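Engineer: Here the protein sequences come in this chain order: A and B. Heads up, the first sequence is in our numbering, so the first residue is 4 and it goes up one at a time. Heads up, the second sequence is in our numbering, so the first residue is 531 and it goes up one at a time.
Any given hint might turn out to be false.
[Said to hold, decoys possible] Here are the simulated DSS-like pairs of lysine-lysine, each with C-alpha atoms no more than 25 Å apart in a straight line:
hint : chain 1 : residue 1 : chain 2 : residue 2
1    : B       : 658       : B       : 710
2    : A       : 283       : B       : 784
3    : A       : 220       : A       : 283
4    : B       : 847       : B       : 889
5    : B       : 662       : B       : 710
6    : A       : 177       : A       : 165
7    : B       : 877       : B       : 889
8    : A       : 33        : A       : 9
9    : A       : 220       : B       : 784
10   : A       : 283       : A       : 9
11   : B       : 871       : B       : 847
12   : B       : 710       : A       : 9
13   : B       : 705       : B       : 889
14   : B       : 777       : B       : 889
15   : B       : 640       : B       : 658
16   : B       : 658       : B       : 877
17   : B       : 640       : A       : 220
18   : A       : 220       : B       : 847
19   : B       : 598       : A       : 220
20   : A       : 126       : B       : 600
21   : A       : 283       : B       : 640
22   : B       : 847       : B       : 784
[Claimed, not checked] For each label pair, taking beta carbons as the anchor points, the in silico distance ranges come out as:
hint : chain 1 : residue 1 : chain 2 : residue 2 : range
23   : B       : 830       : A       : 325       : 20 to 28 Å
24   : A       : 217       : B       : 658       : 24 to 32 Å
25   : B       : 876       : A       : 12        : 34 to 42 Å
26   : B       : 587       : A       : 11        : 51 to 59 Å
If you're looking for bench data, these hints aren't it; they were derived computationally from the structure. Remember, it's a predicted structure, so these values are computed and weren't measured experimentally. C-beta: ideal position from N, C-alpha, C; glycine also.
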Amino acid sequence: MKKEFKVSEFVQEWGVLIAFVLFSIFVFVKFPDVFHNPLTWRNLFSQNVDVGLIALGMTMVIIGGGIDLSVGSMLALTGVLGLSFLNRQMGSGSESSAVLLSALGMVGIGGVLGAINGVIITKFRVVPFVATLVGLLVFRSLALAYANGGTITSSSKNEWAKVALTGVTLPVGKAGMLIPWSVFVLIAVALFLGFLLNWTPFGRHLVAVGSNERAAKYSAISVDRVRLWTYTILGLCVGLAAWVASARLNSVTSTTLGQLYELDAIAAVVIGGTALSGGKGRIWGTFIGVLLLGMITTTLVAAGVSGYWQGVVKGGIILVAVLISRGKREN
Amino acid sequence: MVRLECQGVVKEYPGVRALGGISLDFREGEVHGIIGENGAGKSTLMKILSGVEEPTEGTVSVAGSLTKLKNVRDGMEAGIAMIHQELNLVDHLSVAENIFLGREIAVGPKLNRREMNELAAQYLADVKSDAKPTDLVGSLPLAQQQLVEIAKALSCNADVLIMDEPTAVLSEREKSALFKLVKRLKSEGKAIILVSHLLGELIANCDRISVLRDGEFVATVQASEINEHELANMMVGRELGDLFPVKSTPTTEKTLLQSNSLQVRAGEVLGFAGLIGSGRTELWEEICGLRPGEQSQSKNYAESISNGVVYVSEDRKGAGLHLEFSVQDNIVLPWLGKFGKVVTNRKEVQTCAEGWKEKLSIRVPTVASRVGSLSGGNQQKVSLSKWLEGNPEVIILDEPTRGVDVGSKAQIYEIIAQLASQGKGVVVISSEMQELIGLCHRVVVMRDQSFAGELEGEEITEQAMMKLAAGVQSA
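With the hints as extra help, turn the sequences into a complete structure.
Structural biologist: What follows is the structure, encoded as structure tokens:
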């Protein structure tokens, strides 16, 4: 069985990367004002950290054959709970310890909410679409009720915002270019999940569960435990996203934070070449998928296209991505 | 020494008593065959012995001591490995990852891919597989996947190996390699349980054979003291007439279907032999318009049906039937237009299905019963009814008796002979050579997606077919 080189297979495997590179070259040439500025590229990363974190966690869930529609609402709920915890802590004790505790608290709250989804799905046998649709409604509603439909603002003067507003300064341009810590968080999570997926027994079990649940069960793998973990991991990612987002904005608005994030996250996963049917997927693909989506938004703005058209362009890209990754249609 | 023993094992599912008190023992250095019709309880018993299911009553002992096998892990730890009838592999993992699934070798948190690949290569060599440890399982042909499944069981280093229909998808060459391996494992002191419905295979390779019928134990016999005929009678519980009906002589020379050099004539049974992957199924799916290709006689299957050419799939559960549908809904599905243009006349549907139930003696409480609850033989009869309802001229039967018990087999052979004597053209694609010899007027042998030769009448023998299928030059 010699491996022949096939263009279709090559495109299927590397499609998202090829698309990203070609698109980068295109915008670099076509919109020099915008894309010759390194800040544009920086922003591409820094503005998409929260969606990116969620999309990375979502990749794990989707590989396991699941889906999570509740992430946007979960982000808002985690955000309002976390920030009000921060504000309460600020009253007692030092600012830095309050910030640290609250950041950990947010990640913890996200993990718990994710685990709740996981338990409903695995123990009560509710299909993931329905279980997380319930989460979408309930989490948002709880966030609204808790914040009275309003915005909770961080009372930390500058410590809380540090993760999004300070970082490493690269020697680019006169003043240098700041890469915020949040970007490193995103990269670290991507590396960690990539390792988890490809290089650990858990990762192999996850692929097995998503690809052929029966075979996984007959290989003495606890299917429920693997699935529960994927939702918990996603919840932890949402917690990190809530931390980063609330730091960037210095506040959480219960009505709007995270709205439609579930769709952006799922879109990035699909564009990255992960199969919605489960069992096949990759973290790096999702990472590129997030950047590609972000770049499209930036380009549309640069080209002066009305925001109303964004959906059409993004939708078209998703369709093309799915057509490519599915490969030649089998009968 | 007795490696594994079950005593008074009963298994009840809601409304069904699958096993009614089975006591058997499996000894070191012995191949113990288990035979029975479909639905006799073979697979259920194996699931209990390997820990997939727990018995309702009764006990299992491993190496002399009572052991509760609550799940697959318990079974593995007790040294019992099972090769499942339906492939239990993950398409998106590599061969090595599949072999070690659930028992990965890791250094700290990180997989040790190199060691897994090296060990996997040894097990693959043991089963004479051409697959590489790094190949994706989904890219391998079915027979290779079966060998990977066997390698996976070997890698557990188990004392007891349960093989549930291991040869169903293997070619003759791979079968003989498998049985050589079985002999070696036996000499190493393993206890091997071989579940099969192929009488000859069991007699040739087992020391003892136990017969199950309707969930009850019938007898355990020495393989050396029994022949196929006696064994079949024990299995079915009645005297089996000759399995194959008399071949009728075609009365006309009329050709019903022509595709390049291939002809299907009225009143004949045309056999298609060849190894797995030789392209038999693909050729006929192409001819029927089920897959695109040069051979297509119709642009889609609907056109083929209206031309009177129907195809009964080898994959009953996947492509042949809707398991969740009732018997009647399955039978009328392609012909719903006949039962009312807008609203389907349920009464007529029921009458039609009852007609087929009668004609093909489908054993089912009512035609409203779910097809998924039927035995393989009865499912196949429903599948036949579904396509015969359209009164076709040419019927293509792909592995018509796979997973079908002996009793139903004889009935299906009878139906095939009848169809031919009514002047229909019947194409039988089969991996069971006895079947082709017993049924067919002509046999086309395929190799590597093309015709290797054609045999007629007395020329149809196992040796002749094998030679053509394997590409051996006759001296």
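Engineer: Against each hint, give a clear statement of whether it holds in the structure.
Structural biologist: Status of each hint after checking the structure:
1. B:658 x B:710: Roughly 10 Å between the alpha carbons, so the hint for residue 658 of chain B and residue 710 of chain B holds.
2. A:283 x B:784: violated (52 Å)
3. A:220 x A:283: Cα-Cα ~18 Å, so holds.
4. B:847 x B:889: Measuring from Cα to Cα gives roughly 23 Å; hence the hint holds.
5. B:662 x B:710: Holds - the C-alpha atoms of residue 710 of chain B and residue 662 of chain B are around 21 Å apart, at most 25 Å.
6. A:177 x A:165: Holds - the C-alpha atoms of residue 165 of chain A and residue 177 of chain A are around 23 Å apart, at most 25 Å.
7. B:877 x B:889: holds (18 Å)
8. A:33 x A:9: violated (32 Å)
9. A:220 x B:784: Distance ~54 Å between residue 220 of chain A and residue 784 of chain B Cα, so the pair is violated.
10. A:283 x A:9: holds (20 Å)
11. B:871 x B:847: With Cα atoms ~29 Å apart, residue 871 of chain B and residue 847 of chain B exceed 25 Å; violated.
12. B:710 x A:9: Cα-Cα ~39 Å, so violated.
13. B:705 x B:889: Cα-Cα ~37 Å, so violated.
14. B:777 x B:889: holds (21 Å)
15. B:640 x B:658: violated (30 Å)
16. B:658 x B:877: violated (56 Å)
17. B:640 x A:220: Satisfied, since the Cα-Cα distance of roughly 22 Å is no more than 25 Å.
18. A:220 x B:847: Satisfied, since the Cα-Cα distance of roughly 21 Å is no more than 25 Å.
19. B:598 x A:220: Satisfied, since the Cα-Cα distance of roughly 18 Å is no more than 25 Å.
20. A:126 x B:600: holds (19 Å)
21. A:283 x B:640: Distance ~20 Å between residue 283 of chain A and residue 640 of chain B Cα, so the pair holds.
22. B:847 x B:784: Violated: residue 847 of chain B and residue 784 of chain B sit about 35 Å apart, past 25 Å.
23. B:830 x A:325: 20 to 28 Å: Roughly 25 Å apart at Cβ, these two residues keep to the hinted range, so it holds.
24. A:217 x B:658: 24 to 32 Å: With Cβ atoms ~27 Å apart, the hint holds.
25. B:876 x A:12: 34 to 42 Å: Once the Cβ atoms are compared, 49 Å apart, the range 34 to 42 Å for residue 12 of chain A and residue 876 of chain B is violated.
26. B:587 x A:11: 51 to 59 Å: Cβ of residue 587 of chain B to Cβ of residue 11 of chain A: about 56 Å, so the range 51 to 59 Å holds.
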